[in-house]
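K.L.:
Sequence:
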Amino acid sequence: MQADQNPTQTQKDEAALWHVRRIGGSMTAAQEVEFDVWLNADMGNRLAFDQMRVLWGQVEEPASRLATARSKKQSGFGKLRRWFSPVRTVSAFTGMAACAALALFLNPDVIENMQADIVSSSDMVTDIELSDGSHVYLAANSAIKTDFEDGRRDVALLRGQAFFDVTHRNGDRFRVKAGDATIEVVGTRFNVDYLTQNTRVGVEEGAVRVSTQANGDGVLLGPGQVVALEAGRLTVSDGVDIAATQSWMHGRLSVRNMRVDDLVAQLDNFASGRFVTVGDIGDKTISGSFPTADIDRSLETLAAAVGAKLVKTSPWLTVIY
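Each residue of the sequence shown is one higher than the last, beginning at 234 in the working numbering.
Derived from the structure by calculation, the hints contain no laboratory data.
Keep in mind that a hint or two might mislead.
Claimed, not checked - Restricting the straight-line Cα-Cα distance to at most 30 Å, the calculated cross-link-like pairs of lysine-lysine (DSBU-like) are: (1) Lys545 to Lys517; (2) Lys245 to Lys517; (3) Lys245 to Lys545; (4) Lys542 to Lys517; (5) Lys378 to Lys410; (6) Lys542 to Lys245.
To be verified - Distance ranges between label pairs, derived from CB positions: (7) Ala526 to Asp275: 41 to 49 Å; (8) Asp494 to His401: 37 to 45 Å; (9) Glu265 to Ile361: 49 to 57 Å.
No residue lacks a Cβ here, since even glycine has one placed at the ideal position from N, Cα and C.
All chains should be modelled from the sequences, with the hints used to inform the complete structure.
P.N.:
In structure tokens:
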């Protein structure tokens, strides 16, 4: 009987949305009434909302306790000994873990940034000359790691978008790693997009070979071709407008029939906060051109195009539903 009362995924999504609205203070009187109707319409709705409140409290309350504890000045050996009692120690570690989880949610790039040699700023394209004379143009909030030791020319795109202008050097291979995809060239100009778990590579000039661990031979791309790595499969498209795939270099994101989730991930890269989609809105597709210098306007345009709504819960989190 208890299993029958477990909330569905839809109810959990709706509960998350209602909770976000309530803590954000953005609800009107009419929405308060709507919330009460929703809450009392089904036991699963109430259970889902209660679970969401508990989950949020597990993250928020330990951080609050830590902040309060820090504000109190402790003195004397007795107080110090009481502070490091087993219960307090466990509570402190729990609080730190919750704070760490919250920090990673709000800034998921921190681990990649620690691994990177170069991290671009959050508001501009960065032109970098590599030690072999090649150039890489990094989109905002992108990160790379380089290895040019002992004749190697290896670059790992840890996150973001990059355009490579590779210098020919005695036939030495230049390799770029982005997720599971490896791009290998001699001398060419190409774009790599690694903002989601999928990777896209577009060639402007020359030729590149894109391979994966599962497909060692990979595919050979020429000018005007794009390959997408999705669910472990390489899919090639011909006659692509390469200028559109590189539009981020000129302050815009030009997309065609892109999933909302993927576009939100790209816009998120140019913002200081986090963007999260709730429900099935992320599976809709969208086409258009969105300025990266005015992310708020781009989000509003996106929402209007797919019939979505925006809730800004704080300067660091915006929910699209």
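K.L.:
Hints first: check each against the structure and report whether it holds.
P.N.:
Going through the hints against the structure:
Restraint check for lysine 545 and lysine 517: the C-alpha separation of about 21 Å stays at or below 30 Å, so the hint holds. Among the hinted pairs, lysine 245 with lysine 517 is consistent with the structure: their alpha-carbon atoms are about 20 Å apart, no more than 30 Å. Taken as a hint, the lysine 245 and lysine 545 pair is honoured in the structure, with Cα atoms around 19 Å apart against an allowance of 30 Å. The suggested pairing of lysine 542 with lysine 517 holds, with an alpha-carbon distance near 14 Å, which does not exceed 30 Å.
About 10 Å separates the Cα atoms of lysine 378 and lysine 410, which keeps this hinted pair within 30 Å; it holds. Taken as a hint, the lysine 542 and lysine 245 pair is honoured in the structure, with Cα atoms around 18 Å apart against an allowance of 30 Å. At about 44 Å, the beta-carbon gap between alanine 526 and aspartate 275 stays in the expected band of 41 to 49 Å. In this structure, aspartate 494 and histidine 401 meet the distance hint of 37 to 45 Å, their C-beta atoms being roughly 38 Å apart.
Remark: the range hint 49 to 57 Å for glutamate 265 to isoleucine 361 is upheld by a beta-carbon distance near 52 Å.
Comparing the model with each earlier hint shows no violations; every hint is respected.
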